[in-house]
Amino acid sequence: MDIAFPRIEPSVAEDSFRHGSGRSLPVARIELGGVPRGAAIVLCDAGALERDAAGFMNGLAEHGYESVAVDLSPTGGDPTGTTDRDLVSDVAVLVGRLGERGWSPAQVGLVGYGFGGRTALLATAEFALGAAVSIAPSGVADAWSDALPPLIQVARHVRTPWLGLFGQQDPGAPADVLARLGSYLGGSPAHTEVVTYPGVARDFYRDARETLAHVASFDAWQRTIEWLDRRVVPRPTPLAAEWQRRVASAARA
Amino acid sequence: MSEYIEVDQEIPRFRVNRKVMTDPAVFAVERERIFDHSWLYIGHETELAKPNDYVTRTVAGRPLILARDAKGKVRVWVNSCPHRGAMLCREPKGNARFMTCFYHGWSFNNSGEVVSIPDDAGYGAGFERPGLAAPAKVGSYRGFVFVSFDPDIVDLPTYLAGAKEYLDLVSDQSEVGMRVLPGTHEYSVKANWKLLTENSYDGYHLVSTHQRYLEMITAAHGKADISFASNSIAVNLGGGHAVMAGTPASGAALGRPLSEEAKHEKAEHFERLRQTHGDAWVDRMGGTRNLVIFPNLVVIDLVMGVLIRRIEPVTPDYMEVSAWQLVPPEEGEELHRQRLDNFLTFWGPGGLASPDDVEALETCQRSYAAQRELPWSDISRGMHTPHKGMNGEYQMRTWWRRWHELVAGEALPEEPQAPLPDFFAGQRQRPASATAEAK
Ligand code: FES
Ligand SMILES: [Fe+2]
Numbered sequence: 001m002d003i004a005f006p007r008i009e010p011s012v013a014e015d016s017f018r019h020g021s022g023r024s025l026p027v028a029r030i031e032l033g034g035v036p037r038g039a040a041i042v043l044c045d046a047g048a049l050e051r052d053a054a055g056f057m058n059g060l061a062e063h064g065y066e067s068v069a070v071d072l073s074p075t076g077g078d079p080t081g082t083t084d085r086d087l088v089s090d091v092a093v094l095v096g097r098l099g100e101r102g103w104s105p106a107q108v109g110l111v112g113y114g115f116g117g118r119t120a121l122l123a124t125a126e127f128a129l130g131a132a133v134s135i136a137p138s139g140v141a142d143a144w145s146d147a148l149p150p151l152i153q154v155a156r157h158v159r160t161p162w163l164g165l166f167g168q169q170d171p172g173a174p175a176d177v178l179a180r181l182g183s184y185l186g187g188s189p190a191h192t193e194v195v196t197y198p199g200v201a202r203d204f205y206r207d208a209r210e211t212l213a214h215v216a217s218f219d220a221w222q223r224t225i226e227w228l229d230r231r232v233v234p235r236p237t238p239l240a241a242e243w244q245r246r247v248a249s250a251a252r253a
Numbered sequence: 001m002s003e004y005i006e007v008d009q010e011i012p013r014f015r016v017n018r019k020v021m022t023d024p025a026v027f028a029v030e031r032e033r034i035f036d037h038s039w040l041y042i043g044h045e046t047e048l049a050k051p052n053d054y055v056t057r058t059v060a061g062r063p064l065i066l067a068r069d070a071k072g073k074v075r076v077w078v079n080s081c082p083h084r085g086a087m088l089c090r091e092p093k094g095n096a097r098f099m100t101c102f103y104h105g106w107s108f109n110n111s112g113e114v115v116s117i118p119d120d121a122g123y124g125a126g127f128e129r130p131g132l133a134a135p136a137k138v139g140s141y142r143g144f145v146f147v148s149f150d151p152d153i154v155d156l157p158t159y160l161a162g163a164k165e166y167l168d169l170v171s172d173q174s175e176v177g178m179r180v181l182p183g184t185h186e187y188s189v190k191a192n193w194k195l196l197t198e199n200s201y202d203g204y205h206l207v208s209t210h211q212r213y214l215e216m217i218t219a220a221h222g223k224a225d226i227s228f229a230s231n232s233i234a235v236n237l238g239g240g241h242a243v244m245a246g247t248p249a250s251g252a253a254l255g256r257p258l259s260e261e262a263k264h265e266k267a268e269h270f271e272r273l274r275q276t277h278g279d280a281w282v283d284r285m286g287g288t289r290n291l292v293i294f295p296n297l298v299v300i301d302l303v304m305g306v307l308i309r310r311i312e313p314v315t316p317d318y319m320e321v322s323a324w325q326l327v328p329p330e331e332g333e334e335l336h337r338q339r340l341d342n343f344l345t346f347w348g349p350g351g352l353a354s355p356d357d358v359e360a361l362e363t364c365q366r367s368y369a370a371q372r373e374l375p376w377s378d379i380s381r382g383m384h385t386p387h388k389g390m391n392g393e394y395q396m397r398t399w400w401r402r403w404h405e406l407v408a409g410e411a412l413p414e415e416p417q418a419p420l421p422d423f424f425a426g427q428r429q430r431p432a433s434a435t436a437e438a439k
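If you read the protein sequences in the order shown, they are chains A and B. Note that the first sequence ends on residue 253 in our numbering; no numbers are left out. Note that the second sequence ends on residue 439 in our numbering; no numbers are left out.
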């Protein structure tokens with residue numbers, strides 16, 4: 001990026017997912033002043049909240065999205081086993097948190113990486129959000145745990161437009177399984193797309209010097225932002241809201 | 001009589017002056033009197049499968065966006081930012097609920113409203129925020145979407161006149177609705193656009209121009225039976241629209257021979273259609289039809305494949321052509337495979353037929369440089385008889401009469417047409433449910 005934006009340090013606080021899985025988890029937040037374009041939920045890969053959240057959230061903020069980020073993956077000492085239903089209700093809790101800041105579901109984008117990418121796809125079957133992107137979702141062909149079966153078995157048609165980004169050399173997402181998943185999701189009422197990056201493994205979204213890896217990470221981020229910009233309903237500025245009121249009352253008169 | 005077309009009813013003779021193929025002034029008049037006042041095809045509803053799908057098209061020179069909005073309604077917008085003009089969508093197709101202009105970042109939804117303007121405080125509270133512009137009219141018939149830039153034009157069904165029946169014959173070939181396959185054939189021809197409208201229902205050129213294709217047919221079938229041409233017809237459908245149509249003999253003659261499996265499937269499919277639509281209608285379906293809807297939409301149904309072709313005039317001696325394939329989606333794999341093969345081998349830009357047409361038209365255009373020495377093209381074939389067959393040129397004269405009426409403001413004398421043979425008058429049986437309701 002040529003323009004250096006000031007880096008925002010997300011605030012991190014424990015939040016209770018009482019209406020979801022019942023866990024208490026650290027949630028990172030970036031709230032923006034002025035009129036942000038939209039809001040985003042970032043679901044980090046298992047164990048990667050500290051490593052990844054600030055970078056992704058700053059990237060989103062550059063495009064006008066304030067965000068919350070969380071790692072919903074089951075922790076080591078989780079004896080009962082978090083289920084898919086738990087995960088989806090945890091996402092509902094986050095949608096609710098953004099709702100408290102005035103964001104309607106259509107104004108929210110959902111971006112998930114790895115384990116979070118898997119959760120993002122499951123959540124799109126439940127919620128009509130603005131847009132969703134799963135980057136290198138894990139657990140596509142293989143079960144994560146007994147309680148978390150492979151995506152190819154549990155994915156359902158989506159209600160939120162969904163973009164799936166994959167590394168061709170990701171052993172967890174073989175081409176034939178991806179082709180099946182893509183064509184099944186193509187029957188959804190909402191638009192879906194699957195993109196596979198050649199010559200890269202599942203961490204393709206992290207920038208690297210090697211050409212294919214650099215290209216894949218650049219393209220993946222560009223696509224993610226464009227996917228959101230084309231679908232997440234923007235929040236009107238006060239002047240835009242005033243104009244909408246004027247148009248509506250003129251239409252009524 | 002104008003300087004453009006000369007009709008002699010005695011000889012009889014119908015001639016078109018080659019100036020109309022080369023003169024920029026004629027081209028400008030066509031833009032204004034034809035293209036600004038007709039219904040023009042833009043695309044098929046099935047190209048927009050999901051909410052927020054869009055395609056971009058150039059229609060009569062205007063860049064347009066054909067979209068299905070977030071609520072599922074088909075909309076058409078001018079593909080230009082109301083701010084200072086940059087093109088909003090620069091891709092041939094995609095899916096987007098919001099389109100953001102890359103110049104200054106204004107953003108619009110696919111219902112045409114401006115949803116955000118960066119740093120909008122720079123405009124003050126009284127600013128009238130402009131939405132997207134649209135053509136005056138948008139209409140759809142059996143999934144074929146048309147636009148018109150004339151707010152006072154007659155409604156689309158009235159405009160289509162007798163062409164509706166032939167769109168029905170094509171559209172009724174699927175029990176779930178005919179669908180356009182993804183992908184567009186796009187090619188250009190260095191020739192006047194009217195030459196391709198003429199060519200699209202010219203039965204006379206089949207044997208001479210398409211030797212290459214017929215040789216393939218002969219090799220594949222053991223013979224090329226083109227005797228079907230003798231009981232085919234050309235019909236004036238009103239409004240400048242015309243069709244050349246054949247009997248089932250024509251439908252069986254073209255395309256590679258079907259495999260046993262495909263033959264069987266096709267027979268079963270037609271049998272089911274008979275239950276719904278009745279024999280008279282389905283018998284007609286089994287024949288070919290080359291339809292030109294004035295001014296620039298071509299629908300060619302050779303039974304082995306159905307083509308939608310749109311001709312976009314660019315300059316007097318250059319046109320761009322887009323073509324799509326319309327298919328019954330319920331078709332099985334084998335029949336579908338053979339349909340795709342037929343489509344490519346006949347109409348493909350690298351196929352065994354279309355390139356020969358393009359070559360013919362481009363040589364016509366080059367030779368019009370000698371129009372002072374040779375000013376007239378002859379379109380009289382079949383004028384001496386009321387029995388209009390596909391090897392005549394009545395279908396083209398029908399088109400030219402409408403052209404002349406609009407461009408020169410003068411109606412040319414009509415010519416008598418014999419009543420339609422019974423076969424071509426067969427109508428669709430009313431569906432059982434409709435009959436039940438009527439009782
Ligand atoms: S021209 Fe589109 S925003 Fe300026
Ligand atoms: Fe031809």
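Everything labelled a hint here was simulated from the structure, so no lab data went into it. Given the structure is predicted, the values throughout are model-derived calculations rather than measurements. Mixed in with the good hints, there may be bad ones.
So, partial list: chain B residues that the calculated Cβ filter (under 8 Å) puts toward chain A [as the list claims (entries may be wrong)]:
{"#": "1", "residue": "46"}
{"#": "2", "residue": "50"}
{"#": "3", "residue": "53"}
{"#": "4", "residue": "56"}
{"#": "5", "residue": "93"}
{"#": "6", "residue": "96"}
{"#": "7", "residue": "100"}
{"#": "8", "residue": "129"}
{"#": "9", "residue": "424"}
{"#": "10", "residue": "427"}
Computed far set for chain A versus chain B, every beta-carbon distance over 12 Å [said to hold, decoys possible]:
{"#": "11", "residue": "19"}
{"#": "12", "residue": "23"}
{"#": "13", "residue": "31"}
{"#": "14", "residue": "130"}
{"#": "15", "residue": "141"}
{"#": "16", "residue": "161"}
{"#": "17", "residue": "227"}
{"#": "18", "residue": "229"}
{"#": "19", "residue": "230"}
{"#": "20", "residue": "238"}
{"#": "21", "residue": "244"}
Built from N, CA and C at the ideal position, the CB exists for glycine as well.
Verification of the hints:
no.: 1; hint: 46; verdict: 15 Å, violated
no.: 2; hint: 50; verdict: 5 Å, holds
no.: 3; hint: 53; verdict: 7 Å, holds
no.: 4; hint: 56; verdict: 15 Å, violated
no.: 5; hint: 93; verdict: 12 Å, violated
no.: 6; hint: 96; verdict: 4 Å, holds
no.: 7; hint: 100; verdict: 6 Å, holds
no.: 8; hint: 129; verdict: 5 Å, holds
no.: 9; hint: 424; verdict: 41 Å, violated
no.: 10; hint: 427; verdict: 37 Å, violated
no.: 11; hint: 19; verdict: 29 Å, holds
no.: 12; hint: 23; verdict: 34 Å, holds
no.: 13; hint: 31; verdict: 20 Å, holds
no.: 14; hint: 130; verdict: 8 Å, violated
no.: 15; hint: 141; verdict: 27 Å, holds
no.: 16; hint: 161; verdict: 7 Å, violated
no.: 17; hint: 227; verdict: 9 Å, violated
no.: 18; hint: 229; verdict: 6 Å, violated
no.: 19; hint: 230; verdict: 4 Å, violated
no.: 20; hint: 238; verdict: 9 Å, violated
no.: 21; hint: 244; verdict: 8 Å, violated
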